[in-house]
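Residue numbers (UniProt numbering), protein chains in the order written: chain C, 1 to 236; chain U, 1 to 274.
If you are wondering where the hints come from, they were derived from the structure by calculation, not from laboratory data.
This structure is a prediction, so every number in the text was calculated from the model and none was measured.
Built from N, CA and C at the ideal position, the CB exists for glycine as well.
Take these hints with a grain of salt, some might be off.
Listed below are the simulated SDA-like cross-link pairs for lysine to any residue, each with C-alpha atoms no more than 25 Å apart in a straight line [as the list claims (entries may be wrong)]:
#, chain 1, residue 1, chain 2, residue 2
1, U, Lys151, C, Thr12
2, C, Lys230, U, Gln182
3, C, Lys83, U, Lys201
4, C, Lys235, U, Lys201
5, U, Lys151, C, Pro21
6, U, Lys219, C, Thr54
So these bits of chain C aren't anywhere near chain U, every CB distance computed over 12 Å [stated by the list, open to error]:
#, residue
7, Thr80
8, Arg196
9, Lys230
Between beta-carbon pairs, the in silico distance windows are [said to hold, decoys possible]:
#, chain 1, residue 1, chain 2, residue 2, range
10, C, Ser153, U, Gly80, 44 to 50 Å
11, U, Gly80, C, Asp65, 52 to 58 Å
12, C, Ser153, U, Arg258, 58 to 64 Å
13, C, Gln87, U, His114, 24 to 30 Å
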Amino acid sequence: MMSTVPSELPVTAPIEHRFDPYVDNGGTLLSIAGKDFCVVAADTRLSEGYSIHTRYVPKSVKLSDKTVISMGGCYADCLTLTKRIQQNMEASLVAPMWYRHAHGKTMSTAAIAQMLSIMLYQKRFFPFYSWCILGGLDEEGRGAVYTYDPVGSYEREACRCAGSASSLIQPFLDNQINFKNQASERRELSLDQVLRITKDSFTSATERDIYTGDYLEIFVITSNGVELQKMGLKKD
Amino acid sequence: MDHFPTNWGNPRNEDGESYNTYPMASNKVPQGVQQIAGYGHASGHPTTHTQSPVVTGTSVLGLKFKDGVLMAADNLASYGSLARFRDVERLHKVSDFTVIGASGDISDFQYVKHLLDAQMIKEYNADDGHSLATPHVFEYLWRIMYNRRSKMNPLWNTFVLGGVHKGENFLGAIDLKGTPYQSPSIATGFGSHLATPMLRKALDNAGGSENLTREEAEKLLVECMKVCWLRDARSSFKYQIAAITSQGVSISEPHDLRPLTYWEHGRDVRGYGA
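All chains should be built: construct the whole structure from the sequences, respecting the hints.
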């Protein structure tokens with residue numbers, strides 16, 4: 001009797017090819033909150049695979065005098081999301097009215113933070129491939145860092161690094177900012193100390209991560225507003 | 001002909017009409033199935049998306065210099081490995097100060113040309129003294145490319161946009177996933193491997209695009225086109241160069257790369273041709 005199951009034949013599946021709408025453009029971002037300041041930093045390299053598309057593209061954008069957003073991942077998604085945040089700060093999706101025009105004030109850092117979470121979750125089933133860090137000052141003037149995953153989970157932290165070199169930098173921040181595994185007591189860091197840690201993080205990450213390099217943009221947010229510092233990184 | 005007098009004078013049921021072209025006669029597929037499976041177009045066929053390019057153009061090069069932007073692309077449209085159309089213009093003048101260059105699917109490029117031209121005509125008809133400058137066209141093109149990729153139906157191109165606006169030179173590129181970026185030098189496709197190192201080295205040595213004269217930039221671009229022709233199997237010796245300066249746009253007649261290369265040493269080598 002013949003078997004109906006062709007068990008000895010090799011299993012072959014048809015080769016399917018589907019368009020992948022995402023691309024990982026690399027890049028690293030970092031934000032550290034201080035007592036009365038916040039630092040947001042990101043490199044400016046835009047890569048795809050082994051190719052560098054361009055050496056300068058801004059990954060961080062000033063949203064207000066108190067808030068800066070930084071994003072990494074799929075650059076097209078990041079740019080679209082940034083644009084939509086800026087539009088919603090004028091005309092809000094959360095409340096169907098123009099926020100600034102309706103309330104006569106700029107959105108606070110906490111309000112933008114909540115809105116961004118909603119905006120990311122709204123695209124839960126076709127997500128923006130973007131790692132977001134929101135840095136700024138809260139209503140009391142203290143430094144605030146909000147971090148997100150691509151589908152909108154978020155929390156407020158003291159510091160965070162995201163993007164291609166995050167696994168290199170975050171443990172360093174855990175040790176230097178949060179004093180993990182240190183004998184010394186936790187203490188507040190000055191702006192100068194935070195800036196030195198930020199620059200050291202990026203120069204070190206550039207040595208080992210091919211997707212990080214070219215230039216570093218550092219946004220310093222204080223009660224006086226937002227100041228932008230630029231620094232060169234290795235271009236190899 | 002409808003033989004039922006009760007239907008006479010009433011609107012025709014287009015789903016049952018087999019001579020219509022739109023909406024396509026789809027009476028072969030039950031209505032319910034059509035709605036589920038997205039049968040919207042040709043009779044009984046599902047909607048299809050581009051999954052790969054068909055007739056393609058290879059690299060486009062772009063380079064900023066002191067007074068403007070130069071772009072170069074060859075005139076070949078390939079069908080796989082077949083050199084199918086050998087006098088296709090891949091550099092297109094969008095406006096008085098903007099040029100678009102396309103690599104990738106040629107029919108998608110022709111569609112985008114149509115969109116851009118329609119947009120420019122709209123601006124002209126408004127007759128309000130405004131027109132779209134290079135950064136605006138770039139933004140428009142970016143939204144189109146990103147929107148199509150989000151519909152999982154991309155325009156299979158990498159576009160290079162060059163221009164001059166308010167005394168600033170503009171050179172940017174957008175790919176099929178809607179990634180927009182600007183750079184002093186841009187090379188798409190195989191050119192990103194062959195020409196980018198040459199262009200970036202020259203720019204570094206000159207200390208930036210503002211130190212590059214038009215003559216130097218043009219010489220460099222021709223050298224890059226030569227290397228692309230010699231090593232990119234999907235390229236052609238026939239190419240055009242576009243220059244965008246504050247004076248406006250000029251796209252050259254097709255040039256020939258063959259006189260610039262030397263093959264005489266191969267004449268007497270066995271197995272090297274003749």
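Status of the hints after comparison with the structure:
1. Distance hint between U:Lys151 and C:Thr12 is unfulfilled; the C-alpha atoms sit about 30 Å from each other, more than 25 Å.
2. Proximity of C:Lys230 to U:Gln182 is assessed by CA-CA distance (about 18 Å); at most 25 Å being required, the pair is judged to hold.
3. A C-alpha spacing of about 34 Å is found between C:Lys83 and U:Lys201, which places the hinted pair above 25 Å, so the restraint is violated.
4. Straight-line distance between C-alpha atoms of C:Lys235 and U:Lys201 comes to about 12 Å, which keeps the hinted pair within the 25 Å bound.
5. About 9 Å separates the Cα atoms of U:Lys151 and C:Pro21, which keeps this hinted pair within 25 Å; it holds.
6. Of the pairs offered as hints, the one joining U:Lys219 and C:Thr54 holds, with about 23 Å between alpha carbons and a cut-off of 25 Å not exceeded.
7. Not every CB of chain U lies more than 12 Å from the CB of C:Thr80, the least distance being 6 Å, so the non-interface label is violated.
8. The beta carbon of C:Arg196 sits about 29 Å from the closest Cβ of chain U, which is more than 12 Å, so the claim that it is off the interface holds.
9. With a minimum CB-CB distance of about 16 Å to chain U, C:Lys230 clears the 12 Å threshold, and the non-interface call stands.
10. For the pair C:Ser153 and U:Gly80, the supplied restraint of 44 to 50 Å holds, since their beta-carbon distance comes to about 46 Å.
11. Evaluation of the 52 to 58 Å hint for U:Gly80 and C:Asp65 yields a pass: the beta carbon distance comes to about 56 Å.
12. A beta carbon spacing of about 60 Å between C:Ser153 and U:Arg258 agrees with the range 58 to 64 Å that was offered as a hint.
13. For C:Gln87 and U:His114, the Cβ-Cβ distance of about 28 Å falls inside the hinted range of 24 to 30 Å, so the restraint holds.
In this structure, the hints that do not hold are numbers 1, 3, 7, in rising order.
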